[in-house]
Amino acid sequence: MASFYGFEPKNPLFLGTAQYPSPAILADAVRRSGAEIVTVSLRREAANGGAGQAFWGLIRELGVRVLPNTAGCHTVKEAVTTAEMAREVFGTDWIKLELIGEDDTLQPDVIALVEAARILADDGFQVFPYTTEDLVVAGRLLDAGCEVLMPWGAPIGSGRGLNNPYGLRSLRQHFPGVPLVVDAGIGLPSHAAQAIEMGYDGILLNTAVAKAGDPAAMAEAFALAIRAGRLAFEAQPMEARDMAAPSTPVMGKAFLA
Amino acid sequence: MSNPSRDARAVIVGAGVVGLACAVELLDRGVSVALHERASSIGGRACSWFAGGMLAPWCEGESAEEPVVRLGQEAAAWWERQTGEVTRQGTLVVAPSRDQPELRRFGQRTDHFEEVDGEAVARLEPDLAGRFSRGLFFAREAHLDPRRALAALAAKVLAQGGAIHLGSAVEPAELDAETILDCRGLAACEVLPRLRGVRGEMLILKSDEIRLARPVRLLHPRIPLYVVPRADGHFMVGATMIEGGARNRISARSMLELLGAAYALHPAFAEAEIVETGTDARPAFPDNLPRLVRKGRVLHVNGLYRHGFLLSPAMARMAADAVLDPLAKPEMLHDLAA
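Residue numbers (the numbering used here), protein chains in the order written: chain U, 1 to 257; chain D, 1001 to 1338.
It is possible that some hints are incorrect.
Unchecked claim - Partial selection, computed: residues in chain D whose CB lies under 10 Å from chain U:
no., residue
1, E1065
2, Q1082
3, R1098
4, G1167
5, E1171
6, R1194
7, E1243
8, D1287
9, R1291
10, Y1305
To be verified - Cβ-to-Cβ under 7 Å is the rule here; a few derived chain D residues that face chain U:
no., residue
11, S1063
12, G1107
13, T1110
14, P1221
15, R1297
As the list claims (entries may be wrong) - Label-pair restraints from in silico Cβ distances:
no., chain 1, residue 1, chain 2, residue 2, range
16, D, A1270, U, D104, 29 to 35 Å
17, D, E1065, U, L135, 42 to 48 Å
18, D, S1040, U, T105, 46 to 52 Å
19, D, E1276, U, G101, 54 to 60 Å
20, U, R160, D, A1159, 20 to 26 Å
21, D, R1148, U, S190, 50 to 56 Å
22, U, G91, D, A1159, 35 to 41 Å
23, U, L224, D, G1084, 53 to 59 Å
24, D, E1331, U, A228, 25 to 31 Å
25, D, P1101, U, D103, 52 to 58 Å
No wet-lab data here; the hints were simulated from the structure. Note that the coordinates shown come from a computational prediction; the quantities given were computed from them, not determined experimentally. Note that beta-carbon positions come from the ideal geometry of N, C-alpha and C, so glycine has one too.
Next up, chain U with everything else stripped away, as it sits in the complex (with noise of 0.2 Å):
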């Protein structure tokens, strides 16, 4: 298992924890899926004020590591300040950092990210990027100090599944030691499956869990699918081929008349 800034989780699903019906219905999805990271957002304003900790509370309570974001911050001072705020908050160097750059696609501004990453890893935080599957920018995120790598696997709440799987792919084959994270646009298990089928080390997701009908049952699939794409993967699959190639040979058999 690949291990993330030292911690190797045995189930490498990231949760994202907006827009459940109820704490008390993420607490179970937590539960259910056996999640052991979970991604909050940091909304500025709610981080002020003695009550706004309550919720904070319930999140701590799952007993799972948290790996704060950046959402919604589209600039590098933005993402910098909400990072040390977050790390105030939740006492932890993990930053899932997310700069956006385009409000439609919600696409990362990858120029700003790797000049906010550097920023951060300068200052002892565990940086995880939100990027593109580009691999000269994954490149320079390395270079600024990132050991880990989310590439979106489609835009932010698409639930569209892995637009690029070339790309992915390509960026797998390129950073082999480098834990990689498909972070965004995943909306079925299956889409998650195929991700770390391919050698991926995780999935981050929200949306798929949080809006499906029961979001104890959808996180439960997507553990399970992610399971059994690791198993593929170890298992070393099969090459696809043009022709058909019998399972059972041909030659030999007795004709009948």
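Based on the hints, put chain D in the right spot on chain U.
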């Protein structure tokens, strides 16, 4: 402030929507009531002051659990009987064309609606003609003006011989009364440790260019919002849902989201006056369902979350059941500390 009443059989602390509803319900059943409210006016420090006032149990089924849908169906008739303030015009749910999957999802999660096309949308809301080609119409839903409804309940309490003590900040557990109802909302979070605040922000706009007959919900994957028509060209636009009880002013982001939704519904809202912005925190338990919690002489009625007007009638009914019969076990009753 008067002495917290020894003679009244029930003392209620908190004159938000559920406190007032409990008062009216108890008076209806022959229990005398004294109500204490820390604010100097009805609604002055209650999150129900900023509510949308939608009595929309089936729409709420999109994200709320079954009890909300079922118990919420009592609401419209109760409010009509108690206040006469209810408008029964249903709810219209629409989505911009690029967010049609959200409309399908909403339809899959809810019932008691009919699918409507662009022409039907125009018949229901002529000012939205040509703007939305599909929608869901929940004909049996209703709405009210929360501020008028709160005032009407308060008037009814007084008319039926109940007492309302404004500017009276009392500690429920210290009151000398045989039955005490703690309806303080988030102010009770010190005695109800699982209670949390979910912040909501809203706007009131005024426009003479647009007429709506009913609440319209505009679906969007990130910010589902609604516009509720009120008297004299006023529209309530709500509401954000932000975990955390901090009660400062509305954020620029929330204002942008709310105004963006109003503008997406009808561009004429760009010319509307911003009459008011409001921010408060809704009290909620971890399952976002309301609870009656009995702690000695004190019965807590709390956690109505975003369903204050929708669920107060049912919660007041259950609270009255619990007050009149100590052995009663209404469904939302939790005997232990929540």
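Taking the hints in turn, this is what the structure says about them:
1. E1065: 7 Å, holds
2. Q1082: Where the cut-off is 10 Å and the nearest Cβ of chain U is about 29 Å from Q1082(D), the hint is violated.
3. R1098: The hint holds - R1098(D) has a Cβ within 10 Å of chain U, the shortest such distance being about 9 Å.
4. G1167: Violated - the Cβ of G1167(D) stays beyond 10 Å from chain U, reaching only about 23 Å at its closest.
5. E1171: 18 Å, violated
6. R1194: Given a least distance of 8 Å, the restraint on R1194(D) holds.
7. E1243: 4 Å, holds
8. D1287: 4 Å, holds
9. R1291: 12 Å, violated
10. Y1305: Cβ of Y1305(D) sits 9 Å from chain U, so the hint holds.
11. S1063: At 5 Å from the nearest chain U Cβ, S1063(D) passes the 7 Å test, so the hint holds.
12. G1107: 12 Å, violated
13. T1110: 11 Å, violated
14. P1221: 5 Å, holds
15. R1297: R1297(D) check fails; min Cβ-Cβ to chain U is 26 Å, beyond 7 Å.
16. A1270(D) x D104(U): 29 to 35 Å: Violated, since A1270(D) and D104(U) (Cβ atoms, about 21 Å apart) do not stay within the stated range.
17. E1065(D) x L135(U): 42 to 48 Å: 46 Å, holds
18. S1040(D) x T105(U): 46 to 52 Å: At 50 Å between Cβs, range holds.
19. E1276(D) x G101(U): 54 to 60 Å: 35 Å, violated
20. R160(U) x A1159(D): 20 to 26 Å: Between R160(U) and A1159(D), where Cβ atoms are some 59 Å apart, the hint is violated.
21. R1148(D) x S190(U): 50 to 56 Å: 52 Å, holds
22. G91(U) x A1159(D): 35 to 41 Å: Once the Cβ atoms are compared, 55 Å apart, the range 35 to 41 Å for A1159(D) and G91(U) is violated.
23. L224(U) x G1084(D): 53 to 59 Å: 55 Å, holds
24. E1331(D) x A228(U): 25 to 31 Å: Given a distance of about 41 Å, which is not inside 25 to 31 Å, the answer is violated.
25. P1101(D) x D103(U): 52 to 58 Å: 18 Å, violated
Checked against the numbered hints given earlier, the structure breaks hints 2, 4, 5, 9, 12, 13, 15, 16, 19, 20, 22, 24 and 25 and satisfies all the rest.
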